[in-house]
Amino acid sequence: MLKQVTMAATGLVLGLSMTAQAGTLEDVQKRGSVSCGVSTGLAGFSQKDEKGKWSGIDVDVCRAVAAAVLGDSDKVQYKPLTAKERFTALQSGEVDMLSRNTTWTLTRDVSLGLNFAGVNYYDGQGFMVSKSLGVSSVNDLDGAAVCIQAGTTTELNLADYFRAHGMKYTAITFDTSDQTRSGFESGRCDVLTSDQSQLYALRIGLKKPSSAMVLPEVISKEPLGPVVRQGDDAWFNVVKWSLAALIEAEFLNVTSSTASKLAKSGTPEQQRLLGNTGDAGSKLGLDAKWAYNIVSQVGNYSEVFERNVGSGSPLKIARGLNAQWNKGGIMYSNPIR
Amino acid sequence: MTNGTRPTQPAGSAPAFYNNPRFRALFYQLLLVIGIGYLVFLIISNTLANMESRGIQTGFDFLSTTAGFDILMTLVDYDATHTYFDTFIVGLLNTILVGAIGIVLSTIIGFLMGVAYFSSNWLVQRLSVVYVEIFRNIPLLLQIFFWYFAVLAALPSARNSYSLGDAFFLNIRGLYLPKLISEPGAGLVYGSIVAAIIGIFALYRWAKRKQELEGVQLPVLRLSLALLIGLPLLATLLSGIPFTLDYPQLKGFNFRGGITVIPELMALAVALSIYTGAFIAEAVRAGIQAVPHGQTEAARSIGLKDSQIMKLIVVPQAMRVIVPMLNSEYQSLVKNSTLATAIGYPDLFTVFVGTSLNQTGQAIEIVFMTLAVYFAINMTISFTMNWFNSKVSLAERK
Ligand SMILES: N[C@@H](CCC(=O)N[C@@H](CS)C(=O)NCC(=O)O)C(=O)O
Chain A
0 MLKQVTMAAT GLVLGLSMTA QAGTLEDVQK RGSVSCGVST GLAGFSQKDE KGKWSGIDVD
60 VCRAVAAAVL GDSDKVQYKP LTAKERFTAL QSGEVDMLSR NTTWTLTRDV SLGLNFAGVN
120 YYDGQGFMVS KSLGVSSVND LDGAAVCIQA GTTTELNLAD YFRAHGMKYT AITFDTSDQT
180 RSGFESGRCD VLTSDQSQLY ALRIGLKKPS SAMVLPEVIS KEPLGPVVRQ GDDAWFNVVK
240 WSLAALIEAE FLNVTSSTAS KLAKSGTPEQ QRLLGNTGDA GSKLGLDAKW AYNIVSQVGN
300 YSEVFERNVG SGSPLKIARG LNAQWNKGGI MYSNPIR
Chain B
0 MTNGTRPTQP AGSAPAFYNN PRFRALFYQL LLVIGIGYLV FLIISNTLAN MESRGIQTGF
60 DFLSTTAGFD ILMTLVDYDA THTYFDTFIV GLLNTILVGA IGIVLSTIIG FLMGVAYFSS
120 NWLVQRLSVV YVEIFRNIPL LLQIFFWYFA VLAALPSARN SYSLGDAFFL NIRGLYLPKL
180 ISEPGAGLVY GSIVAAIIGI FALYRWAKRK QELEGVQLPV LRLSLALLIG LPLLATLLSG
240 IPFTLDYPQL KGFNFRGGIT VIPELMALAV ALSIYTGAFI AEAVRAGIQA VPHGQTEAAR
300 SIGLKDSQIM KLIVVPQAMR VIVPMLNSEY QSLVKNSTLA TAIGYPDLFT VFVGTSLNQT
360 GQAIEIVFMT LAVYFAINMT ISFTMNWFNS KVSLAERK
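The listed protein sequences derive, respectively, from chains A and B. Counting with numbering that gives the first Met the number 0, you get residues 0 to 336 for the letters of the first sequence. Counting with numbering that gives the first Met the number 0, you get residues 0 to 397 for the letters of the second sequence.
Rather than coming from a laboratory, the hints here were simulated on the basis of the structure. Even glycine gets a Cβ: it sits at the ideal position worked out from N, Cα and C.
FRET-style restraints, in silico, Cβ to Cβ:
(1) Pro208/A / Gly54/B: 40 to 48 Å
(2) Thr82/B / Ser136/A: 29 to 37 Å
(3) Gly51/A / Ser52/B: 36 to 44 Å
(4) Met166/A / Ser162/B: 23 to 31 Å
(5) Thr254/A / Ile133/B: 53 to 61 Å
(6) Ile133/B / Gly230/A: 50 to 58 Å
(7) Gln270/A / Gly54/B: 33 to 41 Å
(8) Pro215/A / Leu236/B: 53 to 61 Å
(9) Thr82/B / Gly31/A: 41 to 49 Å
(10) Leu140/B / Pro313/A: 24 to 32 Å
(11) Ser52/B / Lys260/A: 46 to 54 Å
No farther apart than 25 Å at their CA atoms in a straight line, the calculated lysine-lysine pairs in the DSS-like style are these:
(12) Lys220/A / Lys315/A
(13) Lys250/B / Lys130/A
(14) Lys315/A / Lys326/A
(15) Lys50/A / Lys74/A
(16) Lys206/A / Lys130/A
(17) Lys250/B / Lys167/A
(18) Lys178/B / Lys167/A
Example chain B residues on the side facing chain A (calculated, C-beta under 8 Å, incomplete):
(19) Phe68
(20) Arg172
(21) Ala341
Required output: the full structure, derived from the provided sequences and hints.
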């Protein structure tokens, strides 16, 4: 363990001691693949199946970037990272981008040398308890033992919330979500706290999902999104607008199955998005069909959402905040023109 | 440099200074040191410059800002309003605690099992072999998981705790013990403990002299125990029992009050002790086997009992071989204790490199501080063991 971190830190020192600030976009094009940091396994967000294929709403952001840059959404190398490893891995250049249910906070944006490229899921922190505990609200949890994952915003929110409500707790901290879940299942803690979407994902991973329930309260704002290194604007733009293209495609009613038809016969906005008109692609340093490739290979945001965490998935999460701004949510893409 | 077989210079013609081998050797070494120093300087200054240009915060200012998270077990006063420097101290103390427990327990287990290998009792001898083979060959991480998750799963919930006289409780949240709270007058008791320890040392020296001069053996062990128990007991009674007990009590979800030994600490300490104990047992076995058999036979022929042969003849000589190996086992134990993070025991690694690093992002500073700590701990172990080694090897030559 010590060795791994020492190596990561050495990598960070060596990576940073080399002067040239390489252009990630050219690197990715030369290498022919995007190296994307994801979680070690979280249903709906980033998860590997038995065949080694990754899927999830975070994985689809990686795939969208690969489709935009390389024309093929499969050209992604996934690097599973724990919460603790993720920022060092990105800073040291081990990954080109991070798409790992990471909350956009001031400290992370400002002092880690990183940039957040947008939000692909608006989340908030929640609590999961065993039904046998007979608890119906967070405010009944005074004195409880709480399982959390190390190196997360969750740790900080938890301390704030319990202090603000004059309640005591003991925090039991684990490295990966698997360990956190085992801690909860074994009864080491009364409560598991995490981003609420992730609670649903962890819950279906329990041996007896019906024995646990998610409490109604949400105690924080957790805007999750992809992250890149600061100071490489060309790459920052590519990731930012790849995510925007997913969201804009939904807004413009372009889906993976209608994209090829609408590219030629759609509204001016649809045709511009799909690269039939305009020069958005060349401005980004990409192919004119960059957004077409994203939508036809990955789908639009709605398809991505429903497939991974929504009605088409075991998680069955409602769109809520993540609906388009004109449908009661706050998902909003800046105009692609 | 002082090579006896080197042909000496013919008298009268002193070599030019640059041909002097001493000078040359020094010169090249100096060159190397300057070269390496320059490289290190380049790496550091480049890293700092690049971190700045990439907007990564550097420096040690973060140590005085509020940490904002809680820690499961703290030996000093700590809560979320304390600073990152305090998280460093909390983690450091927890590391030292588990390291010290591990070193003591693994030494006891290792010596017992190492000596058991030579037992004439078949069962005891087999036990030693099986123990060493099993625990040395299973990866430590798996053993830690085993003790944590398997043993946790076997323990009852807080409401169904195992209890002993309503004072001791064992459940999945840990072991709960009554806490001794000292009242005025307790100083006398603490003083008596110190006095007992000093007394034991004096007794030990006196007994040794007596044996050397008069050949009389005193029951040192029994006398020491009597001192260690009797004196504080007497002091306690004399000062009117200046203690109260704070009993753990079930309140809401969990026990409150008393002392809690968290299961993470128990699992980690047990796993480290048993794992390292297997290596120490091997070292002890090797040390004993390194003592020529003739020594045992000679001792037997002058009429020593088997237990005396072990204690007086074999073990003192075996220590020469054992101690240097203990040194490296202890150091590995401390390094291995960083596996704590897998089960969330809040050692330096979990707390400081885990959470603090992630909340501040100051990887280089934090990893540097942590490496320095492990280096210092291991140097301390190394110096202590080298000092101990010089004592045991001198004792042999006398
Ligand atoms: N959004 C929070 C929490 C992210 C997080 O790491 N959540 C855990 C939930 S238990 C997780 O995703 N773990 C998966 C893993 O470790 O690979 C943050 O950015 O700090």
